[in-house]
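Engineer: With the sequences and hints as input, model every part of the structure.
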Amino acid sequence: MKRITLSLQSPYVGLRPFGEQDAVLLYGRDQHVRELLTKLDGKQRFIAVLGASGTGKSSLVRAGLIPALHCGPLTSPGYDWTVCTFTPGDAPLTNLAKELVKQPGWMDSEQPGDAVASLSAALAGSPLALTELYRQKTSASGGQALLLVVDQFEEIFRYRQRNVDEAESFINLLLRSASEDVPVYVVMTMRSDFLGKCVTFFGLPEAINRGIYLTPRLGPDQLKSIIASPLSLVGGEIDPVLVSKLVNTLGGEDELPIMEHALLRMWNRAREAGRTDIVTEDFEPVCASHNEQVDQARLAYAIDNHASQIYNTLSSQQRLISRQLFLALVDRRDGQEVRRPQTVKQLVELVGKQERENLLSVIEAFRAEEVGFLLPSVSTLLDDERMIDISHESLFRQWRLFRQWLGEEEVDVAELREWQHRAARQKEGGGWLDEYDSERAKRWRARVKACGNPEVWAKRYREPVHYREVNQYIEESLARVQQSKAEKERLEREAEEANTQRLRLEAQMQREAAERAEAELVRAEKEKRQAQEYAVASRRKTRITMVVSAIAVLCILLAASMYYLTMEARIRAQAALEIIERQRALEERMGELRERLRPEDERVTAEEVKRRAEDEKARTERPAKTRR
Numbered sequence: 001m002k003r004i005t006l007s008l009q010s011p012y013v014g015l016r017p018f019g020e021q022d023a024v025l026l027y028g029r030d031q032h033v034r035e036l037l038t039k040l041d042g043k044q045r046f047i048a049v050l051g052a053s054g055t056g057k058s059s060l061v062r063a064g065l066i067p068a069l070h071c072g073p074l075t076s077p078g079y080d081w082t083v084c085t086f087t088p089g090d091a092p093l094t095n096l097a098k099e100l101v102k103q104p105g106w107m108d109s110e111q112p113g114d115a116v117a118s119l120s121a122a123l124a125g126s127p128l129a130l131t132e133l134y135r136q137k138t139s140a141s142g143g144q145a146l147l148l149v150v151d152q153f154e155e156i157f158r159y160r161q162r163n164v165d166e167a168e169s170f171i172n173l174l175l176r177s178a179s180e181d182v183p184v185y186v187v188m189t190m191r192s193d194f195l196g197k198c199v200t201f202f203g204l205p206e207a208i209n210r211g212i213y214l215t216p217r218l219g220p221d222q223l224k225s226i227i228a229s230p231l232s233l234v235g236g237e238i239d240p241v242l243v244s245k246l247v248n249t250l251g252g253e254d255e256l257p258i259m260e261h262a263l264l265r266m267w268n269r270a271r272e273a274g275r276t277d278i279v280t281e282d283f284e285p286v287c288a289s290h291n292e293q294v295d296q297a298r299l300a301y302a303i304d305n306h307a308s309q310i311y312n313t314l315s316s317q318q319r320l321i322s323r324q325l326f327l328a329l330v331d332r333r334d335g336q337e338v339r340r341p342q343t344v345k346q347l348v349e350l351v352g353k354q355e356r357e358n359l360l361s362v363i364e365a366f367r368a369e370e371v372g373f374l375l376p377s378v379s380t381l382l383d384d385e386r387m388i389d390i391s392h393e394s395l396f397r398q399w400r401l402f403r404q405w406l407g408e409e410e411v412d413v414a415e416l417r418e419w420q421h422r423a424a425r426q427k428e429g430g431g432w433l434d435e436y437d438s439e440r441a442k443r444w445r446a447r448v449k450a451c452g453n454p455e456v457w458a459k460r461y462r463e464p465v466h467y468r469e470v471n472q473y474i475e476e477s478l479a480r481v482q483q484s485k486a487e488k489e490r491l492e493r494e495a496e497e498a499n500t501q502r503l504r505l506e507a508q509m510q511r512e513a514a515e516r517a518e519a520e521l522v523r524a525e526k527e528k529r530q531a532q533e534y535a536v537a538s539r540r541k542t543r544i545t546m547v548v549s550a551i552a553v554l555c556i557l558l559a560a561s562m563y564y565l566t567m568e569a570r571i572r573a574q575a576a577l578e579i580i581e582r583q584r585a586l587e588e589r590m591g592e593l594r595e596r597l598r599p600e601d602e603r604v605t606a607e608e609v610k611r612r613a614e615d616e617k618a619r620t621e622r623p624a625k626t627r628r
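So for the sequence shown, our numbering puts the first residue at 1; every next one is plus one.
These are computed hints drawn from the structure, not numbers from a lab. Cβ atoms here follow ideal geometry from the backbone N, Cα and C, with glycine treated the same way. Heads up, a few of these hints could be off.
What the hints assert, rightly or not - Subject to a maximum C-alpha distance of 30 Å in a straight line, what follows is the list of computed DSS-like cross-link-like pairs (lysine-lysine): (1) Lys353 - Lys459; (2) Lys427 - Lys488; (3) Lys459 - Lys427; (4) Lys345 - Lys449; (5) Lys345 - Lys427.
Said to hold, decoys possible - Have a look at the derived ranges for each label pair, beta carbon to beta carbon: (6) Lys427 - Gly335: 30 to 38 Å; (7) Ala273 - Leu37: 36 to 44 Å; (8) Leu214 - Gln103: 26 to 34 Å; (9) Ser377 - Glu284: 24 to 32 Å; (10) Gln354 - Asp165: 35 to 43 Å; (11) Arg162 - Arg386: 16 to 24 Å.
Structural biologist: What follows is the structure, given as C-alpha cells:
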C-alpha cells in the first residue's frame, strides 16, 4: 500500500491545487470523499467530477479520493491501486504514456523517451490498446487496479480544434478502458461550464450522465474547518474574529483559491514575525487593493495585490516577458479560458534565446514558495522539457492586469484572423489594404512582434504559414499604399506647378491687356481731345464765315446800291445824301449786329466746354465699368 509523506513547511497550500502529499491538510471534504468512494464501489468505473472553477474539484480527487484509495477502504476490487494523474495538454496520449511508464512494470528496457513514444503510438492504435496492455503488464504480478485521473479535462476541447483524430482516439480509449472487463478506472475533473461541449464526442455524454459527481459547495462550518484546522498541525491558531470575517466575505467565483492564497500569505507574515498565530492585523496588508483609489481591504483583492507586487519588482524587459509568458499559458476561445501548459523550450522559442535568463527569472519570481502562481514548485529544476503551467485559473480571473492582457490578446487574435481572411480573398481576386487598414495592420504587427516571435505566437491560433502569408500581404499592401501616396503627391505637385504656371500666364496676359487698354484709352482720349478741339475750331470758323459772308453780302448790296445811286446821281442828287445817311445807318446796324452775335458766340463756346466736360466724365467712368 502506498505511503503518503507530508512536509509541513506551511499549513496552507496557497493557489496551487492540493496534491496527495497534502492529504492531511484537506479539511471539510470527508463526506465528499466518501460519496466518491461509494460511486467507485458501485461498479461505476467512469466518474466525472464537475464543478465551477475554484470549487476544489482537483483537490478533492488528488488529496481526498486518491489517498483514501491507498488507505484501502474500497475493498470490492481487492487490489492495490496504481494511479496515473495527468492533464490532456497539447498531447493527451503522450501525457498518459508519460505517467504510465513511471509505474512499475510499464516501461520496457528502452530509454524513457523511446518508451513514451512507443507506448503513445500503441495507445493511439486502438480503443482497446490500454486494456490489452493492462492484461500484459499485470499478468505476472496479479491484480492491480489502474486509476486514470484526467485533471483539467476541459483542455481536450481546445486540443480537438487542432487534432480531431487524436482527441477522439483519446476519448474512445478512456471510454472503452472503463467499460471492459479489467479493473481500469477513469476519474476526470472538468469545469461545469464546459459540460455542453461534451456532445462533440460520441459516447461521452452518456458516460458522464452515468458517473457524474457535482462538487458540493462548502458550508460555513466546513469553511471554518478549512481556515482554522490546518494551523493546529503547527501548534498555531487564528483569531476567531478573522475566521468569521473570512467566512462572511466568501462568495462568488474563486472563493476557495482566493482564501487559500490569502491564508498562505498571512501565515508567511506571521512566520516572518516569529509567530505561529494569525491575527486580524495580518489581513490588511495581504488583502489591500492594488488600486490606490480603493481604501478598504477585501479578500477578493488578495491575488491581484500579490501578483501586482511581484510584477512591479521586475525590470521593464522582464515585465514584457511576463506578459508573453502568461498569455502563452492561457487559451481563450468563445469567451472561455483554459490553461495551456508549455515547456520551457517552447517558451524560450517564443521570447527568443537571448531572453532565456530573463524568462527563467520571471518564472522563478512567480513560482517562489511564498507565491505559487506557477507550476512546478520551486523545488523542481527547470530543464527544456519541463512543463510550465498556471497553478490555478483564478489567477487570470482575479489579476486585473492579466485580464487586460487577455482582452488585448483577443483583439490581436481577431485581427490575425481578419488579415488572414483578407489575404486569402486577395489571392482569389480581392483587393489590397487601403491606407487606413494598412496603418491598422502595421500597428497590429508591431504589437505582435512585441509579444515575441510572431510566428510562434500565431501558431497558437493559426499555422505558422498563415502568419507569413499575412505578413507578406501587409508588406505588399504597405508598399502599394506608399507607391499610391508617392504617385498622388507627384500628381499633386505637377498639378500645383501647372496651376502656378497658368496663374502666372494669366497674370502676365492681364498685365499686357491692361497696358494695351491703357494705351488705347490714352490714344482715344487724345483723339477725342483733338476731335473736340477741331469741332470747336470748326464751329468758330463757321461763325466767322457766316459773319464775313453777311458782311460781304451787305457790302455787295451796298456796292450795288452805290452803283445804282451813282447811276441815278445825276437824276436824283437829292437821293445821294439819303444814300450816305443810309450808309451811316447801315454801319451802325452792323455794329449792333456784332453786339447781338457776341452772346450767341459765348453761349456756343460754353456749350462746347460743357460737352467736353461730359465727354471727359464719360471717358473716366467707362474704364471703371470695364474693370468690374
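Engineer: Does each hint hold? Answer for all of them.
Structural biologist: Evaluation of the provided hints:
no.	hint	verdict
1	Lys353 - Lys459	18 Å, holds
2	Lys427 - Lys488	26 Å, holds
3	Lys459 - Lys427	22 Å, holds
4	Lys345 - Lys449	19 Å, holds
5	Lys345 - Lys427	36 Å, violated
6	Lys427 - Gly335: 30 to 38 Å	31 Å, holds
7	Ala273 - Leu37: 36 to 44 Å	42 Å, holds
8	Leu214 - Gln103: 26 to 34 Å	30 Å, holds
9	Ser377 - Glu284: 24 to 32 Å	28 Å, holds
10	Gln354 - Asp165: 35 to 43 Å	38 Å, holds
11	Arg162 - Arg386: 16 to 24 Å	22 Å, holds
Hint check: a violation occurs at hint 5 only; the rest are consistent with the structure.
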